[in-house]
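Numbering (our numbering), first residue to last: 32 to 526.
Don't read these hints as lab results, they were simulated from the structure. You can trust all of the hints, since none of them are fake.
Once the Cα atoms are required to be at most 25 Å apart in a straight line, the calculated SDA-like pairs of lysine to any residue come out as:
id	residue 1	residue 2
1	Lys-401	Gln-465
2	Lys-146	Thr-123
3	Lys-425	Pro-476
4	Lys-58	Gly-127
5	Lys-136	Asp-55
6	Lys-198	Val-263
7	Lys-146	Gly-317
8	Lys-119	Glu-85
9	Lys-409	Ala-500
10	Lys-66	Leu-126
11	Lys-65	Arg-359
12	Lys-65	Ala-114
13	Lys-57	His-125
14	Lys-236	Thr-253
15	Lys-189	Thr-294
16	Lys-228	His-265
17	Lys-146	Glu-158
18	Lys-319	His-152
19	Lys-146	Leu-335
20	Lys-65	His-163
21	Lys-498	Cys-511
22	Lys-66	Val-351
23	Lys-150	Glu-314
24	Lys-228	Glu-85
25	Lys-376	Glu-469
26	Lys-57	Leu-335
27	Lys-81	Arg-422
28	Lys-409	Ala-456
29	Lys-423	Val-262
Quick caveat, the model's predicted, so the values are computed rather than measured.
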Amino acid sequence: MDTFDLVVIGGGPAGYAGAMRALDFKKKVLLVEKKRLGGAGLYDGVLTSKTLWEHSMRVSAIHETIPSYEVPFEDIVQNVREAVFERKTQMTLHLGLLEAALGSKLFHYEKGFAKILDKNHVEITKENGSTHVIQTENILIASGSHPRYLPNIPIDEKIIVTSDGVKNILDFPKSMVILGAGVIGCEFATIFSNFGKTKVYIIDKANRILPFEDEDISETVTENLERNGVVVHHNSQLERMEIKNGKVEYELLYKDGKREVITVDKALVAVGRVPNIEGIGLENAGVKLTERGFIYHDDTQTNLSNIFVAGDVTGGIALVSVGEREARHAVVRMFGPAIKPISYKNISTIMFLNPEVGAVGMSEQEVREKNIPVKIVKLDYSTNARAIAMRKTKGFFKIIVTNDNGMRILGMRAVGEHASSAIQAVAYLVHTNQGIRELADMIHPHPSIIEGIQECLRMLLGKSIYKPAVFKDKLHCYTCENGVCTPISSLITSE
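Throw the hints in and build the complete structure from the sequences for me.
What follows is the structure, encoded as structure tokens:
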């Protein structure tokens, strides 16, 4: 029987990263993937959707000067295929060369379905039905997730699809409805509306999309979607969705009692994801689950001391960067020195919308709910030289700091062109629990989007170039405490 120091179940971003980190400790590692190396993040998730988004944004930009411009759907599909092939080839080649260089002494990759027999034994079933059992000191479960199916919706991944079935769409649909107004739903609404060939509808049971984010972000994104022709069914309840004559018929019930029946070419269901844990033998080892059906863990460690988890199966923040970080952290806990628990306070995220949204730390909505006394500064993109040069002035920066002289940064939101590139310096300050003065006094490149961050910090310090008292519609400073927000024109005496 083969023995390993670590068996990693799942060859997606988290599992791959965990296996590579274990090699740093000179441990003997087996990486098992049941289907495709790279997981959903490569084939049906981040890489594919973001490739589509990048292509759609370029088409949308061309439409600003050449409204009649069209791109064949096959060209878009080929672009996605090439991106997936490039990444898949990199990962596969890397593993192959590792196996050749290290041999079976340290690393082995195997395609098959892994099932835990007990805390130290894993059975692997190959595609041809053959099985074998290996022994291991540790197990890392990184088996990922898949889209949630709703029992009353006939999802066939051709006419009614999830994110997994978008690749089955063979041409621009003339119309499409999206069930779910979260990040995935809004991203695909952005993508298909950007191409200018699809009438897009979004079913939103709340009164605004992206309900977990601040209202001003939701409003900005909604305004841009509607400018692209997207119809958002606010405060609506889906009564039924059926396939009729090769099309999708859906019926909505609104809060005011009104009913509406609409027929479209395609439907995309984006109502969350569920963990890939069926049949992997958690019950054999006694691994506990949470009430939501994800794997219970304490800082990546399950209730069993040698079994760890990372990525979507944890039920936490479903991001590639988070899954990779969790997997690497879990491996250090197995084989390295004692380390501090993972902090999720400084996670940087991007929402690939139009405009894009960059976020780190707490939102204004969150600090208000938790009644944390804060100072908030907000700067319109129209005051930023780089945004003006790009003719992309729709958006804003918003920074939230503690309501004291230290002004530690609690969170930031940037909505607009290059927003995702502007948040990393602030993310570092959140991570290190620092204030704003050092970043405010740096000399930033000009013209650049990050100058907007600097001007926000200068406003907090009372020494901005543009004064809030003059540009009241573009610069905002206010404090929030005990549910009351109070505008202020200057926060402290200039230094």
